[in-house]
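Novice: Residues per chain, in single letters:
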Amino acid sequence: MSTATYSAHDDTVPHGAAHAEHDHKPSFFVRWFFSTNHKDIGLLYIMFAIMAGLIGGALSGLIRLELAEPGIQIFTAGSWLSKIGIIEASKQGYNVVVTAHALIMIFFMVMPAMIGGFGNFFVPIMIGAPDMAFPRMNNISFWLLVASFCVLCTSLFVDGGPGRGFGGGWTMYPPLSTIGHTGPAFDLVILSLHLAGASSILGAINFITTIFNMRAPGMTLHRMPLFVWSVLVTVFLLLLSLPVLAAAIAMRLTDRNFGTSFFNPAGGGDPVMYQHLFWFFGHPEVYILILPGFGMISHVVATFSRKPVFGYLAMAYAMVAIGVVGFVVWAHHMFTVGLNVNLQAYFSAATMIIAVPTGIKIFSWIATMWGGSIDFKTPMLFAIGFIFLFTVGGVTGVVLSNAGVDYSFQDTYYVVAHFHYVLSLGAVFAIFAGFYYWYEKMWGVKYNEFLGATHFWLMFVGVNIVFFPMHFLGAQGMPRRYVDYPTAFAFWNRVSTDGYMITVAGIAVFVVMLAESAIRRRKAVANPWGDGATTLEWTLSSPPPYHQFNDLPVIEAEGH
Amino acid sequence: MRDKTAAGRDASRFMPSRFRLGALATAATYAMGAACARATDLLGQPTPGGYDMQPAGDQLKRSVIFFHNDILMPIITAICVFVLALLIYVCVKFRKENNPTPSNFTHNTTVEIAWTAAPVLILMFIAIFSFRLLYAYHDMPRPDMTVKVTGNQWYWNYAYPDHGAFTFDSLILPEAKANAVGKPYRLGVDNPLVVPVGKVVRVLVTGADVIHDFALPAFGLKTDAIPGKVNETWFKADKPGIYYGQCSELCGVDHAFMPIEIDVVDEPKFNAWVLGHGGKLNAKVLGGGGGAAPAESPASAGTTMPAGTTVGPSTAAPAAMPVSTAVKPPAAQTTRPAKLTGATTSSASPDSGG
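Quick note, the sequences are listed as chains A and B, same order.
So the first sequence is numbered by the working numbering: it starts at 1 and just counts up by one.
So the second sequence is numbered by the working numbering: it starts at 1001 and just counts up by one.
Heads up, none of these hints are tricks.
Okay, the calculated beta carbon distance ranges per label pair:
no., chain 1, residue 1, chain 2, residue 2, range
1, B, Thr1040, A, Val320, 49 to 57 Å
2, A, Cys153, B, Thr1101, 51 to 59 Å
3, B, Thr1101, A, Thr220, 29 to 37 Å
4, A, Arg494, B, Lys1239, 31 to 39 Å
5, A, Leu221, B, Met1124, 32 to 40 Å
6, A, Leu221, B, Ala1114, 25 to 33 Å
No lab work stands behind these hints: they were computed from the structure.
Since the model is a prediction, treat every value here as computed from it, not as a measurement.
We put the CB at the ideal spot given by N, CA and C, even for glycine.
Make a model of the complete structure from these sequences and hints.
Specialist: Next comes the structure, spelled out in structure tokens:
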């Protein structure tokens, strides 16, 4: 959509591929622990996200194994889990695992990968900036997240009240999270979320400043690549929503420890007020998880169709619209709490409206492919998988938006299926699409196309078998967060667990792919994707020089 | 109109929805096998291998099933098939082997307007049915009796304020006992909620410790049991039987072990049961319904519905009975008012109606 031309006035300043070797890189410890370089921090975020994703995925394995058949097999005394001893083998342990799976996947896998990883690495490059606006703040953003993760993990080993750890779900509704969990585990979860929130807010400020102030000459807002647009919208959502979460959990901290009654009905408080505060954060949060994925999918689809993005402005402003409307739909998570019926009608209608900009994006991606010359490399496979699966998750979202139908589906596996279709199959597929798309650029080695495609197909089949049957379970009425279920639900749960095994095989291939590329070390090229890849990162070497754009590139409107 | 539809659906409830959903189910590998393995859906409890909504036990749920199976499912299935077809077409037609030179267009105003306007129209169409259903839910007919449901960790407490305000706890049956009495384990309870058939039962739901949720799929019930707040819902059972539901809001370690069982019986049986529990018979309920229970008659069940379907949102709202006023107890409830009325003051805020 835009092209770059360099104007190097000063040859003594190294830039571009030819001078990459002359970069002054700090020593190992200083480089990776005191890092202020946006690319190094991006890599740290990605590695952190992979690690957290494997842990979160292992936790989901415990859930699926437990639910493979009726009765409690794993989370009970004497099981193999009780012999390992890391997770308490009890019904409380199950709730703790469900809670930790959600928190880890949301705050420590998807967000770090998309915003911290790809955002840090590529936003400055794509707008022609040498680095982020506040490099040291960037560093503390990352390490706060590591600290936050450590605190969360610590909470698993600390008394929660009914047992070890906090088992109140990622939504953490009081009174279950106040009088229901009297131990210190939940205080640690609060601290962890405060740290993660601070990390994200600092990151958001950094991105906003960078994108508004450090664009190269000619890089107007309406020429910015869509990934930058998506990150811009995302960080605004972060900046506006996270303080509300911070306030809500701080109020609960004082409810728990200092005798206040914000959410305690016995003292005149209101538990439902917490749900309003939480979902005022929580609903923008789910768009935070998916919006950068929208940006990445646009790049991948355009690159492998060798065609510019269809409807660039509509795509950008559809994301803005999704971000704005995302702030006024929160109570559709609360249709059963006893809201006024007119409010429920409003929230139903407002929620349905989101389907319109989302539909624009889906159709624009297909229109981008229309007339293109499509190359089915691994990133494109993930992108096409994303488009279809996100559509499936989107239409079940329209079903759930109807309050009258939601009375039957609320808190059942139908909801679990819905949000895993948009997140586990949407956000995660987008992350894999971006990961393969930028693999050479980030790590400087090529991935193996066969292993990548195998990873895709195993994963695609696996996650569908995991999550599609959950629609049936939900329609039949199986509630969420159940450690045990009536035997009538056994069949589809069995199928779902079988699907998990296939998914694990896919992830195993992913790990093999990482190892294979690390061992073979096939040398990366600057632009492996040809003339479809038009954004600025493809004008640099792979990996990019330690400091890029010492001379700012000049962006001209061309082919746009 | 609605009544006819409902009646039609009542008669042909099983087969058509099966076929419609079959289209969706083929997407899952195992679906057809499960469909063959199953004769018919059970009423009031989940069916092994089932992939449809549980059969309706009252008019509201029948409306939900109509809206979901006949309106939403065809639309969302069509959208998914349409997107999938487009993707497959594009992937075949424009793969690089078939189309080596890409075109360069980036705009087409006609299709852009079309794919913005079409979803808007579809959503408006959905919204008509959606609002009808929502307001029907909140347009409770004059209740014949009231039960009060209190969620506890981890059992339910039921009270009958209209019948002498007797109360009792309802706990899950242990596996051996459930098998002995022939109830499904994890669904059956020791003391079920017993209500008469064909009567409008108002359910007041609250929580004693943490938030629970009183949910029963066959009646389309799902209402949060929140400490310090009384929520209201209602149902009018079509026919006698045993109906099962489960707590649907995470409430701690035994969340999965506090099922809900509602036994719907005919009026003489109900009266005998009330007396057996030391309750008093209430003239409003006893003989107030006018003889034969309107159990099998969707038309009479339907009379509870059209109000919400014809009047607009603004006029329907007052009929939806905001909790703060609905909670004003019928005479007998004065035996338990302290907790109720004291606790509900906070729910007078505008965000907490029916």
